[in-house]
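**Q** Given next are the chains, with one letter for each unit.
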Amino acid sequence: MKAAIVTFPGTNRERDMRVALKRATGRDPLMLFHRDALPQGLDLVVLPGGFSYGDYLRCGAMAAQSPIMRDVKDFAAKGGHVLGVCNGFQILIEAGLLPGGLLRNRTLRFLSMDCTLRVERAGTAFTSRWQKGATFRAPMAHGDGNYFADDATLDRLEGEGLVAFRYVDERGEATEAANRNGSVRNIAGILSPNLRVCGLMPHPEDLVDDLMGGTDGLPMFESLAEAFAAA
Amino acid sequence: MKARVYVMPKAGVLDPQGKAISHALEGLGFGGVNDVRAGKVIELDLAETDPARAKAAAEDMARRLLANTVIESFRVEIA
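If you read the sequences in order, they're chains A and B.
This note's numbering puts the first residue of the first sequence at 96, with every later residue one more than the last.
This note's numbering puts the first residue of the second sequence at -3, with every later residue one more than the last.
Just so you know, these hints were derived from the structure itself, not from any lab.
Predicted model, so just to flag it, every value in this text is computed and none were measured.
Do not take every clue at face value.
[What the hints assert, rightly or not] No farther apart than 30 Å at their CA atoms in a straight line, the calculated lysine-lysine pairs in the DSS-like style are these:
| # | chain 1 | residue 1 | chain 2 | residue 2 |
| --- | --- | --- | --- | --- |
| 1 | A | Lys117 | A | Lys173 |
| 2 | B | Lys51 | B | Lys6 |
| 3 | A | Lys117 | A | Lys227 |
| 4 | A | Lys168 | B | Lys6 |
| 5 | B | Lys15 | B | Lys36 |
| 6 | A | Lys168 | B | Lys36 |
[As the list claims (entries may be wrong)] For each label pair, taking beta carbons as the anchor points, the in silico distance ranges come out as:
| # | chain 1 | residue 1 | chain 2 | residue 2 | range |
| --- | --- | --- | --- | --- | --- |
| 7 | B | Val32 | A | Asp131 | 37 to 47 Å |
| 8 | B | Leu10 | A | Asp264 | 16 to 26 Å |
| 9 | B | Pro47 | A | Gly105 | 34 to 44 Å |
| 10 | B | Asn30 | A | Gly174 | 49 to 59 Å |
| 11 | A | Met208 | B | Glu44 | 46 to 56 Å |
| 12 | B | Ser69 | A | Asp264 | 27 to 37 Å |
| 13 | B | Gly14 | A | Gly136 | 46 to 56 Å |
| 14 | A | Arg110 | B | Ser69 | 32 to 42 Å |
| 15 | B | Ala7 | A | Arg130 | 38 to 48 Å |
| 16 | A | Gly149 | B | Glu73 | 24 to 34 Å |
| 17 | A | Gly191 | B | Glu39 | 18 to 28 Å |
| 18 | A | Gly256 | B | Gly14 | 47 to 57 Å |
| 19 | A | Asn289 | B | Asp31 | 34 to 44 Å |
| 20 | B | Arg49 | A | Thr310 | 50 to 60 Å |
We treat Cβ as the ideally placed atom computed from N, Cα and C, and that holds for glycine.
Sequences are here, hints too, so could you generate the full structure?
**A** Here's what the structure looks like:
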């Protein structure tokens, strides 16, 4: 798999992502800065977490306008796979690659804790190693992760099976208590209609080794590795 | 020509900041505050001298960058 990680001033989770991709694929991803051009022949582009451009205006709004995002949009338009985690999810939304918006957490608190996610859409390049309904632990660390979209958009996402992950409790129930940031319908991650762009707030890349405290997030990267095994 | 862009959380969209400000005002003893919504004001100094064109340009800027119209509404005033 040929993967590239795109960073902006203020990105800070790129090394975690690099470790996760390398662990699952055995190949070191290409590390790109916002001024670089996206090279040809990539299988996957990843936008990692952080605070790009100091979260000025809105989280992800400045990064979404940076030159490399034009390349990322072209890449996605041609059917390329793109993963955005945390600030990367915010950037994908601001760039119009995924619908909705991410509001301030309803508690107004920065949430730094583990959450439990339920896989709502299996069988994609990001989720094939899980069964639908499987739950796994994922760390989260964000101040603006409160997913919002209007009812028509939400109904379309649900109807087309584009909700990737939901916040759930330990029994796998999508309760209000498990929904710490207040996301509408407990949505933690979504997919584009062609299932090739995926964004989520929690950090599967931070649980990919027993030394990190677990490997709950590894299936995402193994799924990607499997999807592009021939490449 | 100056343009002022008012960006506000859309009606019906949760505004946690507004809520927190409301609670803080209550804590300070200000009664009778029914609701607080917190937004932002962005001032633009434009080379354009025609008010209608300046307003149209500022509205285009708001739609494309200054506001996320999924969660925010905006209004432009020309000064």
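**Q** All the hints need checking, so say for each whether the structure fits it.
**A** Each hint, compared with the structure:
1. A:Lys117 with A:Lys173: OK: Lys117 of chain A and Lys173 of chain A at ~25 Å, within 30 Å.
2. B:Lys51 with B:Lys6: At roughly 21 Å apart (the allowed maximum being 30 Å), Lys6 of chain B and Lys51 of chain B satisfy the hint.
3. A:Lys117 with A:Lys227: Roughly 26 Å separates the two Cα atoms, so the pair holds.
4. A:Lys168 with B:Lys6: Given pair Lys168 of chain A, Lys6 of chain B holds - Cα atoms ~27 Å apart, limit 30 Å.
5. B:Lys15 with B:Lys36: holds, 15 Å
6. A:Lys168 with B:Lys36: holds, 29 Å
7. B:Val32 with A:Asp131: 37 to 47 Å: holds, 43 Å
8. B:Leu10 with A:Asp264: 16 to 26 Å: holds, 22 Å
9. B:Pro47 with A:Gly105: 34 to 44 Å: About 37 Å separates the Cβ atoms of Pro47 of chain B and Gly105 of chain A, which means 34 to 44 Å holds.
10. B:Asn30 with A:Gly174: 49 to 59 Å: Holds: the Cβ-Cβ distance is about 51 Å, inside 49 to 59 Å.
11. A:Met208 with B:Glu44: 46 to 56 Å: holds, 49 Å
12. B:Ser69 with A:Asp264: 27 to 37 Å: holds, 35 Å
13. B:Gly14 with A:Gly136: 46 to 56 Å: holds, 48 Å
14. A:Arg110 with B:Ser69: 32 to 42 Å: This hint holds: roughly 39 Å between Cβ atoms.
15. B:Ala7 with A:Arg130: 38 to 48 Å: Since Ala7 of chain B and Arg130 of chain A have Cβ atoms about 40 Å apart, the given range 38 to 48 Å holds.
16. A:Gly149 with B:Glu73: 24 to 34 Å: Given range 24 to 34 Å: holds, Cβ gap about 27 Å.
17. A:Gly191 with B:Glu39: 18 to 28 Å: holds, 26 Å
18. A:Gly256 with B:Gly14: 47 to 57 Å: Violated, at about 35 Å.
19. A:Asn289 with B:Asp31: 34 to 44 Å: Given a distance of about 41 Å, which is inside 34 to 44 Å, the answer is holds.
20. B:Arg49 with A:Thr310: 50 to 60 Å: For Arg49 of chain B and Thr310 of chain A the Cβ distance comes to about 58 Å; the hint holds.
Of the numbered hints stated above, the single one contradicted by the structure is hint 18.
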